[in-house]
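Enquirer: First residue of the sequence shown? That's 25 in my numbering, and the numbers climb one at a time after it.
Simulated from the structure, these hints should not be mistaken for lab results.
All residues carry an ideal CB built from backbone N, CA and C; glycine is no exception.
Treat the hints with caution; some may be incorrect.
Simulated DEER-style distance windows between Cβ atoms [as the list claims (entries may be wrong)]: (1) Asn56 / Ile129: 34 to 44 Å; (2) Ser139 / Ser76: 52 to 62 Å; (3) Lys144 / Glu104: 15 to 25 Å; (4) Tyr55 / Asn112: 15 to 25 Å; (5) Asn56 / Asn112: 15 to 25 Å; (6) Asp140 / Glu104: 17 to 27 Å; (7) Thr113 / Gly141: 18 to 28 Å; (8) Ile129 / Asn38: 18 to 28 Å.
No more than 30 Å apart at the CA atoms, straight line, and that leaves these computed lysine-lysine pairs for BS3-like [what the hints assert, rightly or not]: (9) Lys120 / Lys85; (10) Lys144 / Lys90; (11) Lys130 / Lys145; (12) Lys49 / Lys78; (13) Lys49 / Lys109.
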Amino acid sequence: MINNNFRAYNDVSNRIRVKEMELMKLREDYYNITGINYTDVKISGGIKFDMSDKLHFIVEKEKEIKSLENQKKELRMIHENEINKIHNTNKRTVLKLFYLDHCSIKQIAYCLRISDGHVKKLKRWAVQEFI
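Model the full assembly from the supplied sequences, consistent with the hints where possible.
Expert: This is how it looks when you write it as structure tokens:
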């Protein structure tokens, strides 16, 4: 139920991760030093060279990622405002860490220096109060 509230945020986060992986591959292809590919050599002796095309794709991918990051920031602010309506600070922290920062129960427990069971209980109470 509560996961539906954060679906758009999670979708944008996942799309950013995918775009970053694509960008990493593009950069790897751009900066990769390779030998001459003789299948691309024309009869006249010229070599087909498309570095500017690769650079263009990198710039475009960076623009897409920047746009998605701005969208993610807006969604995060909306969700933080919703979560901030909860009065208990620990409950708010658990919800933000779990749903917005995608931390595990163990990571939250370590961060707050409480037990895993207590984090689960706080999360359950916070979800009830959130809905």
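Enquirer: When you check the alpha-carbon spacing of Lys130 and Lys145, does it fall within 30 Å?
Expert: At roughly 13 Å apart (the allowed maximum being 30 Å), Lys145 and Lys130 satisfy the hint.
Enquirer: Does Lys78 sit within 30 Å of Lys49, going by the straight-line distance between their CA atoms?
Expert: Holds, at roughly 11 Å.
Enquirer: Quick check on a hinted range of 34 to 44 Å for Asn56 and Ile129, using CB atoms only.
Expert: At roughly 41 Å between Cβ atoms, Ile129 and Asn56 fall inside 34 to 44 Å, so the hint holds.
Enquirer: So does Thr113 sit 18 to 28 Å from Gly141, Cβ to Cβ?
Expert: At 19 Å between Cβs, range holds.
Enquirer: Please check whether Ser139 and Ser76 have a Cβ separation lying inside 52 to 62 Å.
Expert: holds (57 Å)
Enquirer: CB of Asn56 to CB of Asn112, is that within 15 to 25 Å?
Expert: Since the Cβ atoms of Asn56 and Asn112 sit about 52 Å apart, the hinted range of 15 to 25 Å is violated.
Enquirer: Taking the beta carbons of Tyr55 and Asn112, is their distance inside 15 to 25 Å?
Expert: Given about 49 Å between the Cβ atoms, the range is violated.
Enquirer: Hint says 15 to 25 Å; check whether the CB-CB distance for Lys144 and Glu104 agrees.
Expert: holds (22 Å)
Enquirer: Under the criterion that the straight-line Cα-Cα distance not exceed 30 Å, is the pair Lys120, Lys85 satisfied?
Expert: holds (29 Å)
Enquirer: Decide if the proposed pair is consistent with the structure: Lys144 and Lys90, CA atoms, cutoff 30 Å inclusive.
Expert: Given that 30 Å is the threshold and the Cα spacing comes to 34 Å, the pair is violated.
Enquirer: Within 17 to 27 Å or not, the Cβ separation of Asp140 and Glu104?
Expert: holds (24 Å)
Enquirer: Is it true that the C-beta distance of Ile129 to Asn38 lies inside 18 to 28 Å, as the hint says?
Expert: holds (21 Å)
When each numbered hint is compared with the structure, violations occur for hints 4, 5, 10 and 13.
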